[in-house]
Each structure stands twice: as structure tokens, then as C-alpha cells.
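The lines below spell out each chain.
Number of protein chains: 2
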Amino acid sequence: MTRFQAPEPQSFDKVLSSMCTEPAPVARRAAEEFLATNPGDPGTFKSVAGLEQETISLLGDVVGLDDPQGYVTAGGTEANIQAVRAARNLADVSAPNIVAPESAHFSLQKAAELLDVELRRVETGADHRADPEAMAAVADAETVLIFCVAGSTEYGRVDPIPALAELADSVGARCHVDAAFGGFLLPFTDAEWHFGHAPIDSMTIDPHKVGRAAIPAGGFLARDDSVLDALAVETPYLESATQASLGGTRSGAGVASAHAALQVLWPEGYRAAFERNMDLATWVTGELESRGYPVSQPTLPLVTWVPESELFEALRAAGWKIARTRTGAIRLVIMPHVTKSMLESFLADVDQRRS
Amino acid sequence: MTRFQAPEPQSFDKVLSSMCTEPAPVARRAAEEFLATNPGDPGTFKSVAGLEQETISLLGDVVGLDDPQGYVTAGGTEANIQAVRAARNLADVSAPNIVAPESAHFSLQKAAELLDVELRRVETGADHRADPEAMAAVADAETVLIFCVAGSTEYGRVDPIPALAELADSVGARCHVDAAFGGFLLPFTDAEWHFGHAPIDSMTIDPHKVGRAAIPAGGFLARDDSVLDALAVETPYLESATQASLGGTRSGAGVASAHAALQVLWPEGYRAAFERNMDLATWVTGELESRGYPVSQPTLPLVTWVPESELFEALRAAGWKIARTRTGAIRLVIMPHVTKSMLESFLADVDQRRS
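Residue numbers (the numbering used here), protein chains in the order written: chain A, 468 to 822; chain B, 468 to 822.
Because the hints were derived from the structure by calculation, they are not lab data.
Some clues are possibly wrong.
Heads up, the list lumps identical chains together, so a pair's fine if it works in one copy or across two of them.
[As the list claims (entries may be wrong)] Taking lysine-lysine pairs in the DSBU-like style, the calculated list, with each CA pair at most 30 Å apart, reads:
#, residue 1, residue 2
1, Lys-513, Lys-807
2, Lys-807, Lys-481
3, Lys-513, Lys-481
4, Lys-788, Lys-513
Use the sequences and the hints to build the structure in full.
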């Protein structure tokens, strides 16, 4: 066979702002083994379809839900779209809207545009968390979903979920929690964020981020099967009656690797990673503060700090894969591939390039 | 590390109705190498983002388009959704509808429901192809998209694309071709199906089916960048301004394997596979006819035939992974993993179990 040389895939040794990371070795092996399978066709690919059911059950343990409904999505965006879609389809209103903190992931704007639902984004309160009173002020009888974040993209913050679930109930809306980033971290904190803590309806949780599965492995979970029913379409030529997923053919690699990672890492492996990553986040926070930078105290392993205006570009030019918040702060996401020596090297570059 | 035993992934040796297949070896290697990369974040994962651009350019060669716009989707469903979304967003009508033959893939029903667009499905004409006159009869000023199929799921048929593109033009609608199945087969036929044959606007073409890439690797292609612009949302924290894809984090494995497969197999490898698979399809058609079964003459390597009413279940019980059309005919999709000895074994089971 013809030999084909692809460019090297980029290593993770300068990646500091991504929620993607190297999959766990067991997850990588499972992905490679199931690369050619399709859980979207369970009549043909039975074993991976079984793994998907077990994965959802394992995710139920993570999120405090006894009889979880759901499936493995292509990622957090699909799960967020499905939450909005289910809420829209289940409501009986003519001009549906959703109410969300401005800290919600941009996939929510995608979902709103796609589904033709009005998105009411509300300023966050102190500490970049959702403000239930401000959200209540814009919610109304046409609100179909209160959207909450458990581990925000920019600051790693957890919204006051019980208060937001209460708001949802008071306006007759559904309540969704986006725990794409926080889902594999928050079980080791005292945060109130999951199905066991508040009467939320659905959740996004991404094995392919902190869960260390291979891409694509997101998760959409629901408390009750009416949510999945609201998403189902008929599948005429598959030997299964309906399909609730947004995609048709789906990645067996993602499903099998999520299953393998959860089997091996939940809960102790994830706990150890959380503790390690929080220690590093706390340490780098101290280092940045000692240099005089304003830093938001990390509640999850995500450190957001305000650099001099030209420092960001200088660090990008030095090869650091970093990204900014909308206000120009730098986000350091302390994922498993981020080491202390990597952060030391980053800080050395900060020292060399700061004005 | 803890050892984890997953159940064996299913082999393909009894899979006869799936458009999925074993990826080409070069595509599998590329997928494994790029498993941890994310083309959805091109500022961080630069090399796989470069491969995606090259993949789109290679796909342009396949579909007769000089300067193709587009991206690698999670699959055909995402591409079909995006086609409808772009058409809806670009049109200025209050109650948009799309007109499609009843042979259109069920993902179109998903798209219509999701996007709140009316779907007008029209009976196909002779030989299961779209009927331009019947479609013209239901198209109107609110029609935003004429949807065509190049390689239908049930019969492998190619719609009269030039006539349908003309219809689209006459009502001021966009024209989309779903070549998810046919895209890597039709270049070796005299069918008129692509951007070079008719003024179509967009196309679905799936490397992870006949293109022998690893799942997930679909393709959405457009003639002009206004289509992509109509899908773009802002990406506040990525070092790229907008994102047109439906997903956020996407599979680098899918992109890299599509790139590798196209580099190595286009055009001669795909031509050889097409000829081999058509020969097998023709052979099995003769075998089925000699047993007295009604068979639709294959125009692509997909053989649809009408069994006795209980034979389907008997063959499923014997382990054959087969599926039916809406009218109960059995579809045999002759993919690269389907061999003559496998079909001989299948026919032996037919002979043993027929009434």
C-alpha cells in the first residue's frame, strides 16, 4: 500500500487553554479497538450499543441520578442543543425563550439560532456566577428553559443551581445544567450542582474533557424519558424504531473510550486528578499574584488572570497555546497534561516578556 | 494501571446493510495518531486544522468544485442539517419549506423538526428517483431548498439533479445534493450529480462511508462562502473569530483519516473499489433473480430485493446484520468488507431458510 506521511499531530506540551487533553491510556486503547463501530445503528453494532447503555449508567453515578436517560453525544455543543430542543418541543408557547447567564458557553447561541428560540443572556453577579434575581427579572411565561453552568468556560464558576432550579419551577420552565467542564471535578467538591442536589431536568457532561475519554464523547443526560421522547424521530431502515440523537452514524470510539475511562477512573482516578490539578492551580495562582497580576481565585482547576495588554501576543508568539476571555484575561486550564515544569517554563516566559 | 476488558467489537463478517465499513489501513493509522486533536480549535490544534483545509480541497476534486467551501462534519446528518439551516437563514420568508423526494434520508426529518421548517416529501417516480414535475407542483415562493439525493439509502438511486437544480432556480430556492452514500462511487459512472454538472449550492459527502475514513468524518461542501457565513456564530474565547460547524470540539481522528484516505485512494483506489463492489452487486443480483426474487437492478453497489415475509427474521436470527426498506425489501450494501464468500454463505442461508 502507498505510504502516506501526515504532519505530526501537535503535542500537548504548550497547550494551556484547552479543555481537551490526552485520553487515558485505557480510553485510547478502547477507542482504537472500536474505531469502526457505530452506536447509531444498534441493530448492527450491538456490543458498542451495550457499552453506551453502561456508560450512561456510570454517568448517572457521577451526577447523582439513579435511572439516567440519555446518550453519548458528539460533544457538549450537541448536548446543549438537545437540551434547548427538548425544552422547546415540550413547551406549548408561541415564542419560546431561554434565560441564561452571560457566562453560558457560546454553543447556546448556536442552539438558539438553530432552534429559533430567543436567548436572553443576563449579566452575572459577583464572582462571575449567575444572578438568580436578575434572571428572574427577565424570565416569563414563554420561558422554556433556565440554563445553568457548573464550571464556566472563562472562570470555572458554578452557578447557584438550587436557586435557578427553583426559578425554573416558578415560571414552569425546564432546568438544564451545563457541566461539560465541571462534571468530572465537582463530585470532589462541596458544590451543589447535580440531579441529587436540585430538581434539574437535564445535564451536559463531557467524558472527552476532564473524563479523559477520546474525542468525540460528550454526554446528554435527562432525569426522565419524556425528554428523550421529545427528541426522537423515526428511523425507517434501521432495525430500531426511533433515534433521539442529533447525529445519525456516531463514533463507537468515543463511546467505548468513555466507557473504559469511567470504568477505570471513577471515582478514585478522577479524584486524584482533581486534587493534583487543583494543587497546581493554587500554586500557579500564587505565582501570578506574587508578580502583581490580578487573578480570580480558582474554584476549579482553571486560573483566569489579567496580563499586560501586549503580553498575550508575546506568549502566543513564544508558542504557548493560550486563549483569552471576552475581557482579555488569560485562561489557564489545568488539565492532566499540564505539569508543574510546564507551568514553570510558562512563568519564565512571562517574566522574560512582561513589560 | 488497572486492566479493563471491553467486549470484543463486532466483526464485519455478517454485516450486509451498513454503509459503515472498516477504514482503510492508512486512515486507521491517521485516526489513531490524531485521536487527541480538535480541529474545532484551530488556534490550538493547528496541524489538524491544516489537514481539514486540504481535505476540503481534495473533496472539491471529487465533486467538481474548484474553490470548495466547507468543513468535515460529524456525519451526513450534520451536513444535511447545515444545508437546511443555511437555506433557511439566507431566505427571507416567513414560513419556510423544503421540498424533497420521499427517498431522502430520515436525517432530513430531523433537520426540519430542529429548524422548524416545513418538510414537503414528494413521492418518487419510476425507479425510485425524484420526480421533478411532482416536486414542482408543491414548491412555492416560500420554498427555501430543493433537496436531491445522489445515491439513495434504500435503492442507491440518483435523482435527476440538473432538472431539480432548474426547479430550485425557478422558485428562487437553494439546491442541495445528499451524496453521503454516492459521493465516492458516482465519479466512476456517467451520472450527472455534482457541482460541475448542475448549479447546485451545497452537498453532503461522507468520507466515513465509501470514502473509507474512520468515523466521524462527514463532509459539508458549498459552492460559495455565503453559505458558511450563514452558519457562523462568534467564538468568544477561541483564537478564531467565528465557527460555522454544528459541533464545537470536533474529532481530529475523523479529519486526519479522511485526509489520509483521500490522499491515498483518490481516484484510483476508489475506482477499483467501485468496480469490485459493482461486480459483486451484479453477481448477487443474478443469484437472487435465479431464485425467483424480485430485485431492483443496482445502479450503485446496493441491491434491494423482496424476500418471503418470514425470511428476513430468519436471516437476522442466523446472525446476518441486515435491514429493510419501509416496504419490507432487504437492502444489501456491498461495501469493501463484503466478499464473494460472505455473499455465498448468505445465499446458502437464504436457500436453507426460504419457505
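For each hint, the structure was consulted:
1. In this assembly of identical chains, Lys-513 and Lys-807 lie within 30 Å of each other by CA distance solely across copies; the values are 24 Å between and 43 Å within a copy.
2. Taking identical chains as interchangeable, the C-alpha atoms of Lys-807 and Lys-481 lie at most 30 Å apart only when both belong to the same chain, with a minimum of 12 Å there against 51 Å between chains.
3. With identical chains, the CA atoms of Lys-513 and Lys-481 are at most 30 Å apart between copies only, with a shortest distance of 13 Å across copies and 40 Å within one.
4. In this assembly of identical chains, the alpha carbons of Lys-788 and Lys-513 lie at most 30 Å apart only when taken from different copies (10 Å versus 40 Å within one copy).
In summary, the structure agrees with every hint in the numbered list given earlier.
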